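Q: My request is simple: use the sequences and hints to build the entire structure.
Protein chains in written order, with the working numbering: chain A, 1208 to 1415; chain Y, 1208 to 1415.
Source of the hints: derived by calculation from the structure; they are not laboratory data. Being a predicted model, the structure only gives us computed values, none of them experimental. Possibly wrong hints are sitting among the right ones.
No copy labels: a pair is met if it fits in one copy or bridges any two.
As the list claims (entries may be wrong) - Keeping only pairs whose Cα atoms sit at most 27 Å apart, straight-line, the calculated DSS-like set for lysine-lysine is:
(1) K1254 <-> K1230
(2) K1344 <-> K1224
(3) K1415 <-> K1230
(4) K1209 <-> K1254
(5) K1224 <-> K1320
(6) K1301 <-> K1364
(7) K1415 <-> K1320
(8) K1278 <-> K1344
(9) K1415 <-> K1244
(10) K1415 <-> K1224
(11) K1209 <-> K1349
(12) K1224 <-> K1242
(13) K1364 <-> K1224
(14) K1230 <-> K1370
(15) K1259 <-> K1320
One letter stands for each residue in the lines below.
There are 2 protein chains.
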Amino acid sequence: MKIAIIGTGNMGTGFAKSLADTKHQVFIGSRNIEKAKGIAQSLGNLKGGSYKDAAEFADVIILAVPWHAEKDLVRNLGDVSGKILVDICNPLTKDFSGLDVGFTTSAAEEIAKLASGAKVVKAFNTIFAEVLQQSLKFEEGKANVFICGDDRGAKEKVSQLVKDIGYEPVDCGALSAARCVEPLGMLNINLGYMQKMGTNIAFRLMRK
Amino acid sequence: MKIAIIGTGNMGTGFAKSLADTKHQVFIGSRNIEKAKGIAQSLGNLKGGSYKDAAEFADVIILAVPWHAEKDLVRNLGDVSGKILVDICNPLTKDFSGLDVGFTTSAAEEIAKLASGAKVVKAFNTIFAEVLQQSLKFEEGKANVFICGDDRGAKEKVSQLVKDIGYEPVDCGALSAARCVEPLGMLNINLGYMQKMGTNIAFRLMRK
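A: What follows is the structure, encoded as structure tokens:
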């Protein structure tokens, strides 16, 4: 494949390193042409230049720029008809507190509004009933239960419960983190049913 | 702990089975009191009855009902002040096509609107730059790259690229699935930075 990497930040240089050893033809492009050429030279086996030249060269264009720069970049990329654009961004708000797109509230927060005085904890929404009922074990290790809540003590109790029935809790922070964890549940359902993987699946956060 | 399970569906009975063997006191409650009592009797070591009795009994209440029933349930649960409510739902729309709450669009779809004629693929947004740059390996296996797109051929090409640099692709379906995958990226960032796990983490979908 002819691949363009647009951007010479952490992700762009990461792709450059990862792709330098493959059989693909790689062109790294940037607003800063000299920087792109320098990276190309230091790694060997790839070209460096402007982002427009990179995009023109390639069939597959990896957009390795932050969300707030990505829209302008795409507007100025020239004709990309028929090309593959790989969007790798996380559309964070400028203060990194959340997502700029498609990110408003969560079921957990709506429930908390109704349950006056109660300590609402989000948990178990990424565990399929079939996994729970069979106490299914996976080769890689325990399935994670992602936990969100505004009360530390409540989260600790629920985490203990999670461990007691064979899962590994991951503290995701405040109840508003359910805005991320509920879509993960949706992804799980999507993979199990629409993508036909079946329900004997579960997520694990790997740590090193 | 004194635990209530509200609901005798797949998740509720799964919790009942999982908790029956623990040292916790468990009360399963339902609109269908006889069903709840039957489950309790068949498993032993737990009580069954109405959802109000279950909620009153417990310190920790697991709401094992679907989203569309959960709000009414909470409104009718009685005084839950000081109690821990565990919300396990995925707030699906009635046709299961998406989330009812906090689910509107995605950066990937916005980019596709701008990149006329191009084949936009979402990928790599859950891979930290530090993981990419170090080609970090995990004990459990390869990190997943979650891939969304509306063009099958484009997704196949990007999947090949993902394999070529040492990751395992997971086809998440249409580009609109980025509405789930982008929040997963946000969760990753949240865990890495706000929850202070560091950036040497990655998700893996375990299969059985």
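Q: Would you mind marking each hint as holding or not holding in the structure?
A: Results of checking the hints against the structure:
{"no.": "1", "hint": "K1254 <-> K1230", "in the structure": "within (14 Å within a copy, 64 Å between copies)"}
{"no.": "2", "hint": "K1344 <-> K1224", "in the structure": "between (36 Å within a copy, 15 Å between copies)"}
{"no.": "3", "hint": "K1415 <-> K1230", "in the structure": "neither (29 Å within a copy, 33 Å between copies)"}
{"no.": "4", "hint": "K1209 <-> K1254", "in the structure": "within (11 Å within a copy, 64 Å between copies)"}
{"no.": "5", "hint": "K1224 <-> K1320", "in the structure": "neither (48 Å within a copy, 31 Å between copies)"}
{"no.": "6", "hint": "K1301 <-> K1364", "in the structure": "neither (34 Å within a copy, 32 Å between copies)"}
{"no.": "7", "hint": "K1415 <-> K1320", "in the structure": "neither (38 Å within a copy, 38 Å between copies)"}
{"no.": "8", "hint": "K1278 <-> K1344", "in the structure": "neither (43 Å within a copy, 33 Å between copies)"}
{"no.": "9", "hint": "K1415 <-> K1244", "in the structure": "neither (33 Å within a copy, 46 Å between copies)"}
{"no.": "10", "hint": "K1415 <-> K1224", "in the structure": "within (21 Å within a copy, 33 Å between copies)"}
{"no.": "11", "hint": "K1209 <-> K1349", "in the structure": "between (40 Å within a copy, 25 Å between copies)"}
{"no.": "12", "hint": "K1224 <-> K1242", "in the structure": "within (15 Å within a copy, 60 Å between copies)"}
{"no.": "13", "hint": "K1364 <-> K1224", "in the structure": "between (44 Å within a copy, 19 Å between copies)"}
{"no.": "14", "hint": "K1230 <-> K1370", "in the structure": "between (46 Å within a copy, 13 Å between copies)"}
{"no.": "15", "hint": "K1259 <-> K1320", "in the structure": "between (50 Å within a copy, 20 Å between copies)"}
In terms of the numbered hints stated before, the structure departs from hints 3, 5, 6, 7, 8, 9, listed from lowest to highest.
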